[in-house]
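Novice: Chain by chain, the residues run as shown.
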Amino acid sequence: MSVVEAPPTQSDTLEPGSRRSLGSYLRDNEIDTRMVGMVVVLLAIWIVFHLLSGGTFITPRNLWNLSVQFSAIAIMATGMVLVIVSRNIDLSVGSMVGTVGMVMAVLQAEWLPPVIGAGNSWIWLISLAIGVILGALIGAFQGSIVAYVGVPSFIVTLGGLLVWRGFAWLTASGRTIAPMDSTFQLLGGGSSGSLGETGSWIVGGVACVGIVALLVMGRRRRRKFGFTLRPAWLDVLLGVLGCAVVLGAVWVMNSYYLPENLAIRYAEEHGIPIPEGGLQIPLGIPYPVLILVGVTLIMSYVTNRLRFGRYVFSIGGNPEAANLAGIKTKRTIVRVFMTMGILVAISAAVSIARLNAAVSGLGTLNELYVIAAAVIGGTSLSGGIGTIPGAILGALVMQSLQSGMVLIGVGAPVQDVVLGVTLVVAVAIDTIYRRRAAR
Amino acid sequence: MTMTSQSDVTPLVEMRDMSVSFGGVHAVKDVSIDLYPGEILGLVGGNGAGKSTLVKTLSGAQKADSGEIYIDGEQVSIHSPRDAKNLGIETIYQTLALAENQDAPSNMFLGRELMTRWGTLDDSSMEDAARKVMGRLNPKFQNFKVPVESLSGGQRQSVAIAKAVYFNARILIMDEPTAALGPAETDQVRQLMRQLKADGIGIIMISHDIHDVFDLADRISVMLQGRLVGTVDKDDVTMDEVLAMIIIGKLPEEVTTKELEQLHG
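Protein chains in written order, with the numbering used here: chain A, 76 to 514; chain B, 3 to 267.
In short, the hints are calculated from the structure, not lab data.
Check the hints yourself; a few may be wrong.
Here are the computed lysine-lysine pairs in the BS3-like style, where the Cα-Cα straight-line distance is at most 30 Å [to be verified]:
(1) B/K199 - B/K134
(2) B/K147 - A/K405
(3) B/K147 - A/K403
(4) B/K199 - B/K142
(5) B/K134 - A/K403
(6) B/K65 - A/K405
(7) B/K134 - A/K299
(8) B/K236 - B/K31
(9) A/K403 - B/K65
Generate the whole structure from the sequences, applying the supplied hints.
Specialist: What follows is the structure, given as structure tokens:
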């Protein structure tokens, strides 16, 4: 192909050496300035509540509990990002938590024991697997109606919100199902549902190695193709910061100890002598948080590295272009809702394990928290824009506000007012930011 | 109405008796056009003449009710955009059909991503390929990491063209390629089209702009109300004669001097 040089146009020339802000410097080096802003906001919230609560917010105990509480919502928020990015919405996730959670509970408490024997060590896994399959099926069913019949997802999942809440009641005629299988309970992160000290440090160490490996591989790849590299000091700073955050989090988790009476019982069971001044058994990373970390890694991989993720964003950016590019848009939409369903099931498992029971009202209003988390995290309701880490930060911001208000004794009605206002203000700031960034 | 230079060459594309109707209305009725290698065919007509619908049957975006399509003399069936792409037919839509939220490499490879051997997206290779193609087409283009919505009209057009070039298009359909561009960018796109033509690519160009057509096209096919008025060699006709075909549907040999004068009335 012998293509001669095309004449230059004015519009192609770069902005003449105008004064560059820190923001544009970070953006040039592929650092998400929105995300940096959100982290700053989160830290501000923590500090304010710490001061208002007389120093009880930024403590291992509170942060540990906070992390367990926000996990269930954050797991679903990662899926909601894809749903919203593809220009859809899922209002049924709260009710799906109800139905799927109830089914998993009834399975392990009533249906499975007579069949495979009470106390069978597979009960927890079979219940979980069936729950995940059920979630996937419900998601695929709703997604098919959206994609192939063409009913707007708002309507399909609004119907789902009623239908699955109804099924949650019908599954056990409104009874409360308890207790859960003893292994299954670990998923909820109770007193024994965490990794312990050594395991937590190992996870933290692996995470640090992963962070460094990603940065090194990124540099190597960019060098191979001769692309411009980030300044080395910035990569080093990112690596150090990343590892510091990970190890800091592990340290906090390990600084929260088993409550004394439980620690004594644990010591007696394991024949450990109780030292003078009390026994301190570090809890470490709770399993729900570990599950969330796993979900985050997988969802980030799916979103950024697989065709599926790219197609979801393309559909959100321009459905017609995606179609004309030969992308099977309908199948992709079904898969998005299926993914959402699977995440709902995982979240439901965490919730019933934590409660050690399932009630027919399980997950009520979760859809609103999940959507709010995604949106606060920068997911645009007009589609095409959103990130998985953003949604998790969004969930963390909301849970921090809620826990903080509980800590300083703000009543439930005022909590709702604050959360509602936060949602609208967050989106308003985001909208203004984007409009200015587009200039 | 001569095709002297090309009568003994197999056409790259031959569309025979194409018809498309939407609920009883004939958008395209028994239209036959052809396209030769290294040729630019201008497809003109007023609004609703059926130009876009006709080329959509070639790009796989619209099913034809009847008609036959031949590529290199062999009959083909095109049911989807993917079929068309497999035959070397690339389309640049008037809207450009870009995913606005994604960067230039992602758009160039949309639906045909380069993958690593682990089955993951190979963004570095795609960016590299995009830089190389763009380096030939539009060396000034440097914004490979920003969403295409923040690019200028000409840059966006370059992305769409780069896609066609990268995938070795033999047949290029361009729907109103310069409609949304300023004068400098229009020149740039015209220049690009001449390069592609010189490389032996056949281009079907839909345009409202009669000056564009006279500047670039070798032959001109005129449509009116879903039918083909006729196909003429650019060198054999005047702009007024083509206007007469577009507006009153009469061929140059049928049209009277009086009618030509009324066009400007």
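Novice: Could you run down the list of hints and mark each one as holding or not?
Specialist: How the hints compare with the structure:
no. : hint            : verdict
1   : B/K199 - B/K134 : holds (20 Å)
2   : B/K147 - A/K405 : holds (28 Å)
3   : B/K147 - A/K403 : holds (25 Å)
4   : B/K199 - B/K142 : holds (22 Å)
5   : B/K134 - A/K403 : holds (29 Å)
6   : B/K65 - A/K405  : holds (19 Å)
7   : B/K134 - A/K299 : holds (15 Å)
8   : B/K236 - B/K31  : holds (24 Å)
9   : A/K403 - B/K65  : holds (17 Å)
Consistency note: the structure conflicts with none of the earlier hints.
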